[in-house]
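Novice: Here the protein sequences line up with chains A and B, keeping their order. So that you can map any letter, position 60 of the first sequence is 59 in numbering that gives the first Met the number 0, and since no number is skipped, the others follow by simple counting. So that you can map any letter, position 104 of the second sequence is 103 in numbering that gives the first Met the number 0, and since no number is skipped, the others follow by simple counting.
Quick caveat, the hints were computed from the structure, so don't treat them as lab data. Careful, some of the hints might be misleading.
A pair counts as met if it fits within one copy or between any two copies, since identical chains are not told apart.
[Said to hold, decoys possible] Mimicking DSSO-like on lysine-lysine, the simulated pairs with C-alpha atoms at most 30 Å apart in a straight line are:
no., residue 1, residue 2
1, K112, K54
2, K42, K58
3, K2, K64
4, K64, K8
5, K2, K112
Protein chains: 2
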Amino acid sequence: MEKVNLAAKFAHFKDHWSPKIIGELNGQHVKLVKLQGEFVWHKHDEEDELFLVCKGTLKMELRDKTILIEENEFLIVPKGIEHRPVADEEVWVMLFEPATTLNTGDAESGFTKRELDRI
Amino acid sequence: MEKVNLAAKFAHFKDHWSPKIIGELNGQHVKLVKLQGEFVWHKHDEEDELFLVCKGTLKMELRDKTILIEENEFLIVPKGIEHRPVADEEVWVMLFEPATTLNTGDAESGFTKRELDRI
Numbered sequence: 000m001e002k003v004n005l006a007a008k009f010a011h012f013k014d015h016w017s018p019k020i021i022g023e024l025n026g027q028h029v030k031l032v033k034l035q036g037e038f039v040w041h042k043h044d045e046e047d048e049l050f051l052v053c054k055g056t057l058k059m060e061l062r063d064k065t066i067l068i069e070e071n072e073f074l075i076v077p078k079g080i081e082h083r084p085v086a087d088e089e090v091w092v093m094l095f096e097p098a099t100t101l102n103t104g105d106a107e108s109g110f111t112k113r114e115l116d117r118i
Numbered sequence: 000m001e002k003v004n005l006a007a008k009f010a011h012f013k014d015h016w017s018p019k020i021i022g023e024l025n026g027q028h029v030k031l032v033k034l035q036g037e038f039v040w041h042k043h044d045e046e047d048e049l050f051l052v053c054k055g056t057l058k059m060e061l062r063d064k065t066i067l068i069e070e071n072e073f074l075i076v077p078k079g080i081e082h083r084p085v086a087d088e089e090v091w092v093m094l095f096e097p098a099t100t101l102n103t104g105d106a107e108s109g110f111t112k113r114e115l116d117r118i
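Only chain A is shown next, with the shape it has when bound in the complex (with noise of 0.2 Å):
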């Protein structure tokens, strides 16, 4: 059993839309993320995903309006609701979801990661 240090791990890679697991607890799994650009639009239709930004703004587009999350904010994006991540500049995200998450949800892609990183 040893701590975890956000910094260090957001200092162990640079790459985009490609979240690393940092944790997993009662099925769930903790990921660190980091944003640039615009992502795909996607659901997830069994988990709901929470993302903590810890650096940067977030805007998080959904069909109806668009959340800015800024650093030290969550949001609960709950199962079947469409969501889409931009990041004008670099965010840094930790994400608390299911193990079972697929990042892009039902909208397979280039951003597809299926087998991700431990750090």
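We have chain A already, so just place chain B on it with the hints.
Specialist: Leaving out everything else, chain B in the frame of chain A:
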């Protein structure tokens, strides 16, 4: 669907050892709690528990060692592992754990909180 600002939520309460629910997803709760002093030794038979320190330094006593968790660090305490959180000075913590989790686990005491506020 609304974003949650951690600082604003922490400003909502002052009491210690009384977790507040600030989010729910996939059967898990996101909670905030302020700690000061020594808690009781306990374990959770069924739930892993994540402690993310938002302010201060949390001393997590385990039977074989003590782990100091600083700001922006987290520790996952697996189910079945006895632990005792100690805060020499006030510590602010975000918890991520199953909705079924009782704060004192198997050690019912004056610290036990069965009904948690949602803030």
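Novice: Between copies, within a copy, both or neither: which fits K42 and K58 at Cα up to 30 Å?
Specialist: The answer is within: 16 Å in one copy meets 30 Å, while 39 Å across copies does not.
Novice: Is the C-alpha distance from K2 to K64 at most 30 Å within one copy, between copies, in both cases, or in neither?
Specialist: Classified as between; 13 Å across copies, 37 Å inside a copy.
Novice: With identical chains, the pair K2 and K112 could be close in the same copy or across copies; at 30 Å between alpha carbons, which is it: within, between, both, or neither?
Specialist: Answer is both; intra-copy 26 Å and inter-copy 26 Å each pass.
Novice: Reference check for the pair K64 and K8, CA-CA at most 30 Å: within, between, both, or neither?
Specialist: between (32 Å within a copy, 23 Å between copies)
Novice: If the cutoff is 30 Å on CA atoms, where do K112 and K54 land: within, between, both or neither? Let me know, please.
Specialist: within (22 Å within a copy, 34 Å between copies)
Every hint, counting from the list given before, is met by this structure.
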